[in-house]
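Put together the whole structure using the sequences plus the hints.
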Amino acid sequence: MDRVKSTKRGSEPTPEPILEEELSAFVESDQSDPTSTETDAPIVPILEFDQVSKSFPGGYSAIDTVNLTILPGEFVTLVGASGAGKSTLLKLVYAEEVPTSGVVRFNGRDLTEIKRKHLPYYRRNIGTVFQDFKLLPQKTAFENIAYALEVYGKPTEDILAEVPQILELVDLDGKADNRPKQLSGGEQQRVAIARALILQPKIIIADEPTGNLDPVSAEGIIKLLLEINQLGTTVILATHNQGIVDNIGRRVVLLDHGHIVSDEMVGRYVTSERKPRPIV
Amino acid sequence: MKTIKLWRTFKEGVDNYRRNGWLTFATVSVLTLSLFIIGLTALIGFAGSLAVRNLEEKISISATFKPDVSESRILTIRDELSKYKEISSITYVSKEEALKQFLSDGNQVNADAVTAIGENPLLSSLIIRAVNPADYDLIATKLQSSSYQNEIDTVNYARNKKKIEGLNDYASRARAIGLTLGIAFTLIAILITFNTIRLTIYSHRQEFEVMRLVGASNLYIRMPLFFEGVFYGLTAAVSAVVFLTAVAFAFSRNSGPILTEILGGTTFFQVYLSFLWIFAPLTIIVGILLGVVSSHIAIRRYLKI
Ligand SMILES: Nc1ncnc2c1ncn2[C@@H]1O[C@H](COP(=O)(O)OP(=O)(O)OP(=O)(O)O)[C@@H](O)[C@H]1O
Ligand SMILES: [Mg+2]
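Chains S and B, in that order, give the protein sequences. Last residue of the first sequence: 279 in numbering that gives the first Met the number 0, with the numbers rising by one and none dropped. Last residue of the second sequence: 304 in numbering that gives the first Met the number 0, with the numbers rising by one and none dropped.
Hints listed in this document are in silico derivations from the structure and should not be mistaken for laboratory results. All of these numbers come straight from a predicted model, not from anything done at the bench. Please note: incorrect hints may appear among the correct ones.
[Stated by the list, open to error] DSS-like, lysine-lysine: derived pairs with alpha carbons at most 30 Å apart:
1) B:Lys82 <-> B:Lys161
2) S:Lys90 <-> S:Lys114
3) S:Lys116 <-> B:Lys161
4) S:Lys201 <-> B:Lys161
5) S:Lys114 <-> B:Lys94
This is how it looks when you write it as structure tokens:
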């Protein structure tokens with residue numbers, strides 16, 4: 000924490016310091032946490048929403064005074080009706096949107112303090128997965144994943160070593176040279192997850208990752224996300240799919256009109272109209 | 000930016016250029032056409048001004064002096080005239096020289112006529128050339144109202160007047176048209192190129208979002224487009240130069256000797272070659288600049304965050 004504060008303060012007077020190093024230093028300091036946190040220091044939430052509201056021009060309030068704390072290693076499922084504000088809440092995390100009021104903290108750090116031009120470096124701490132995969136259409140599966148490393152300035156030999164490993168992890172070793180058009184929806188989504196994983200992010204954000212997939216592929220994707228979570232990465236999943244939520248058996252946060260209306264540590268799919276069903 | 004990233008963005012630029020297929024073709028075609036038209040306008044202007052300069056050199060006023068004016072007197076007048084800054088050169092032609100020139104035509108009738116007269120019927124004269132053809136009028140008036148006007152037999156300005164006026168007219172009109180066309184086409188070229196490149200970038204707008212999400216910095220997203228712009232400009236410039244060369248060559252071959260004479264003894268293609276010297280590097284610079292600036296402006300709106 001101290002180290003975070005001091006690097007932050009150091010960046011205030013001079014507008015130039017490269018946050019790439021700053022942020023990676025900041026992330027590394029956190030990596031040594033698991034041992035130290037359990038013994039002496041309190042656990043630093045990986046993500047913290049503190050009285051966060053977001054309204055869009057026209058006054059529509061998509062997120063309304065949300066308080067939410069997510070600890071490292073959690074698997075959180077966000078549910079709620081269409082328009083409840085799930086995507087907006089996630090956008091606040093990867094800084095695609097800025098809160099109208101309140102503070103979003105990543106690893107204890109206020110996101111509004113990150114300068115615009117340094118956002119790309121911050122985003123490398125967060126892997127994103129979307130319903131529409133968001134792959135680069137002219138690149139192969141391999142190239143799409145490699146891109147996330149190239150952008151980072153990773154040496155080529157490291158890229159050539161790491162990408163095949165991650166492709167194997169998502170079970171796509173045979174499809175490295177296929178373009179997105181030559182892959183099924185489930186395969187495309189696994190490429191997207193592999194790309195999100197390759198930088199070893201602190202958090203994976205998955206906004207309806209199964210929205211375009213058949214039930215079998217969807218199940219595979221959720222299994223993959225759970226595996227990734229098992230390896231220590233925090234996962235935040237937004238979904239509509241009741242069956243999926245009920246099977247995960249992890250924390251479920253229900254949003255309704257921008258409010259958190261329920262937050263169960265072992266949750267099931269709920270809607271704002273119905274109280275959670277008792278687990279039989 | 001690290002060298003490795005620079006190299007990667009360069010490769011991305013090459014890949015985009017190759018993969019974009021018809022869009023690359025369209026962009027390069029438009030840019031080529033624009034540069035070609037600009038080049039053609041400039042070439043016509045260049046050849047035109049060469050022709051004008053050449054014709055201007057052939058125009059002069061000659062003042063013939065009465066037979067009783069002595070050579071030394073004419074030379075005094077010459078020295079006096081050469082003080083005017085409007086006059087670029089004055090040549091004294093004695094009546095003997097005038098006769099020699101007259102006979103050197105090889106025209107037997109002329110020779111016979113001179114023999115019949117038995118003496119030199121020609122007069123000494125001063126051939127005056129102006130710096131600017133527009134000043135011939137002024138010079139002629141000056142001569143006719145000078146202190147030595149009585150010593151002058153004739154000022155053959157009137158005979159040249161039509162020719163001079165026509166040339167003046169042509170030269171200034173050609174310059175005006177050339178300049179207007181040049182500017183108009185340059186503006187059109189910039190607009191069309193800009194729009195084509197904007198279209199190219201528009202078709203990739205979703206990819207910029209993806210790149211940003213994956214953690215690419217704006218510079219990293221921009222650089223491939225910068226290189227793409229360079230390639231567009233370079234390809235288009237080279238194509239434009241090739242096309243213009245072909246057109247100049249064909250035109251030169253099919254044009255008669257009159258054109259060569261108007262151009263002062265050089266063929267149109269030779270004129271083109273001396274023009275190419277400046278034109279080729281300039282086109283390449285303009286082409287690259289057009290490609291780069293267009294893509295630079297067009298991408299801005301997609302990199303808000
Ligand atoms: N850029 C924007 N400008 C204006 N309103 C917006 C914007 N983005 C989202 N909204 C509004 O905010 C509300 C929440 O949107 P959001 O996308 O977060 O919902 P969601 O819970 O993800 O819905 P879905 O399940 O359909 O994806 C919606 O009413 C939406 O219209
Ligand atoms: Mg949504």
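Does Lys114 of chain S sit within 30 Å of Lys90 of chain S, going by the straight-line distance between their CA atoms?
The given pair, whose Cα atoms are some 17 Å apart, holds under the 30 Å limit.
Are the Cα atoms of Lys114 of chain S and Lys94 of chain B separated by 30 Å or less?
Violated, at roughly 90 Å.
Hint consistency between Lys82 of chain B and Lys161 of chain B [alpha-carbon to alpha-carbon, up to 30 Å]
Distance of about 27 Å is within 30 Å: holds.
If you draw a straight line from the CA of Lys116 of chain S to the CA of Lys161 of chain B, is it 30 Å or shorter?
Answer violated: Lys116 of chain S to Lys161 of chain B is near 70 Å, above 30 Å.
Could you grab the alpha-carbon distance between Lys201 of chain S and Lys161 of chain B and see if it respects the 30 Å cut-off?
Judged against 30 Å, a Cα distance of about 88 Å means the pair is violated.
Of the numbered hints given earlier, the model fails hints 3, 4, 5; all others are met.
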